[in-house]
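Full structure from sequences and hints, please.
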Amino acid sequence: MSAPGVIAVTGPGSFIGRRLVDRLLERSPKLRVLALDQRRPFRLDSRVRFHRVDFTEPTADGHCAEILVRERAEAVVHTAFRTSPTPDLEMDHELETIGSLHIMNACAAAKVKRLVVASSTMLYGPRPDNPNFLTEANPLRGHPDAHSVEDRVEMEGLLSDWRQRHPDSEVTVLRPCWIMGPTYWDHVTRFFSLPVVPMLLGYDPLMQFVHEEDCLHAFERATLSPHPGVFNVVARGVLPLSTILRLAGKRILPLPASLLYRMAYYPSQGQTGDPPAGFYDYLRYLWVADGERGWEAFGEPAYTTKEAWISFVSARRMRRYR
Amino acid sequence: MVDERDSNLAPGDVETDPATDFDPGVGDLREALDSLRREIRARFPAPLGEDVPRQPAEWPALFNELRRRLSTIGMIERSGEVDEFGMDEIVLRRTRAVLDLAYEHYWRVEVHGLEHVPDAGPCLLVANRSGLLPYDGLMVCHAIHRNHPRHVSPRFFAADWLITLPFVQPYLARLGGVRACRENAERLLASKHFVVVFPEGIKGAAKVFRERYRLKRFGRGGVVRVALENRVPIVPVGVVGAEEVHPVLFKWGMPARALGLPFLPVTPTFPLFGPLGLMPLPSKWVIRFGPSIPIDHLQPDAATDELLISRLTEDLRSKIQTLVDTGLADRESVWG
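Chains A and B are the protein sequences, given in the same order. All letters in the first sequence, in the order written, are residues 22 to 343 by this note's numbering. All letters in the second sequence, in the order written, are residues 7 to 342 by this note's numbering.
Treat the hints as calculated values from the structure; they're not laboratory data. Where hints are given, some of them may not hold.
[Unchecked claim] Here chain B is said to cover these stretches of chain A; the calculated rule only asks that three of the stretch's residues, wherever they fall, bring their Cβ under 8 Å from a Cβ of chain B:
1. 54–63
2. 216–225
[Said to hold, decoys possible] Partner residues are not named here, just some residues of chain B that face chain A (Cβ under 8 Å, in silico):
3. V88
4. G92
5. I96
6. P176
7. R185
8. C187
9. N190
10. A196
11. K198
From a predicted model like this one, the values you see are computed outputs, not experimental measurements. Glycine included, every Cβ here is placed at the ideal spot set by N, Cα and C.
The following block contains the structure:
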């Protein structure tokens, strides 16, 4: 199968889902795009056929399969994930792991030819014993304190089982790293927008970002042309954390890990439902991914890590001065 | 209007040949450009090494400067770009002054056999590990950088616990330290770098003083396997002098676990004199490079021959031991 005629996007309320729907409609007007979500997102394009599905319901797989068969969907893009983790751990698990399982089963029942799943390089986990560049073959070790990451590691495990049971469907897993850009907003960009950014004293790991446009481009290419397999979606280049913060002119507050993890305990529990290590360990150890495979498949990214960061920072600045 | 102008300036329409159709205005233009360039240069900070006349300090400026220096502790001049393994050319260039001092006056490094280091990478330099902190890696890299005709900046491998040790980690990566693992070695060698590896690993770093200069087991043959798979030459290096920098009398296990170190070394000065006791001692250093081990005659599938690999590894280990022993004989005394 080359280019599908009917594409179903799950989770058009998430950043990638929403922007991918717009992009597909804009670039390929002949496409028919379905959207499946719990509630109709704000300002959904009128050409999109919206179906209301609650992925966390036990019967969601049957319901989804019915819709996919009725609409003759040929490709499914699964982006119904939390952009930022929420303190509702159970609901996150139901949505990200069980919801994905429902989508996979629905795809199998509806004999969908192509399934594109949004994952993340955060799933490799920040570890002191990571190699400098993590390839797609590295095990997904996750982080025990980050529930969203753990849920998605479980989801990828289910997905690889599913792929073995259904060898005739093309499965593409895209793992973007932290996304930066003028319109992207999640718990990471919120952290980097703090007036004073805390850092771990004595640690200055290399960071890697991907620009939102490059990320969406990869999703679009994966949807429209066959690219079975797993791909890291990252920008070229790495920069130390302190350098990117200095580029943005941020005030840095270096704190010892033990102190920071105690101080940030309650705010972190309130915002993400995790102990602080689930986020701050990503600013402590290395988890840079090797994007060579993705660049070969989807083309050279337009923005480097530094340019993606500058694009985010300058957009923030313009907004404040408006 | 814009369309017309654009069509006039289409590349096909412009026909100028600088050789035949010389315009006297070009000279003026060049002069103007040169003066512009001079003006731009004058506004940029002077490159490193040049003497900058100091502005008279004013209090607010002084305060700002102090704050800037404190907030970056030691890493004032950093470049906005690092290479993919985090090496920062500007930090490295500034640190070279300190390394030069250590090389010439403090440890008085003597280097032999530099002709065995190939002119172009990739190349795997295998050395004996000694001392908890990676002075040996820094010095071998610096010796090659100083004396190599192309002034290459080799990378040295450091163990996991060292590369993520707080306060050490940011500096090590910027000076060319890379976490010792197979993936990193392959990537560095594929991009034609010189890589200094210490196959003894933590066993070498954790030697006590009475075991000095006796090489430990070489891992599980990973170094030779990487060299065979990537078809790169192996150059043995014997480092003498690094063992006396911190003579470890014995290892203290109990407090080390609390600090996250593999062990706490007890030297004559540390922890007796506190952090001051960490000052490295001024021993005399000899770095000896041996003839490279040829691997060209071996078949590409030799990397799967375990017996051959273990034989080559043992051979390499004995060569480095010989280099170390020769270096020890060269040296008149520890402080020589």
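Comparing the hints with the structure gives:
{"no.": "1", "hint": "54–63", "result": "violated (count 0)"}
{"no.": "2", "hint": "216–225", "result": "holds (count 5)"}
{"no.": "3", "hint": "V88", "result": "holds, 6 Å"}
{"no.": "4", "hint": "G92", "result": "holds, 5 Å"}
{"no.": "5", "hint": "I96", "result": "violated, 11 Å"}
{"no.": "6", "hint": "P176", "result": "holds, 4 Å"}
{"no.": "7", "hint": "R185", "result": "holds, 7 Å"}
{"no.": "8", "hint": "C187", "result": "holds, 5 Å"}
{"no.": "9", "hint": "N190", "result": "holds, 5 Å"}
{"no.": "10", "hint": "A196", "result": "violated, 11 Å"}
{"no.": "11", "hint": "K198", "result": "violated, 17 Å"}
In this structure, the earlier hints numbered 1, 5, 10, 11 are contradicted, and the remaining ones agree with it.
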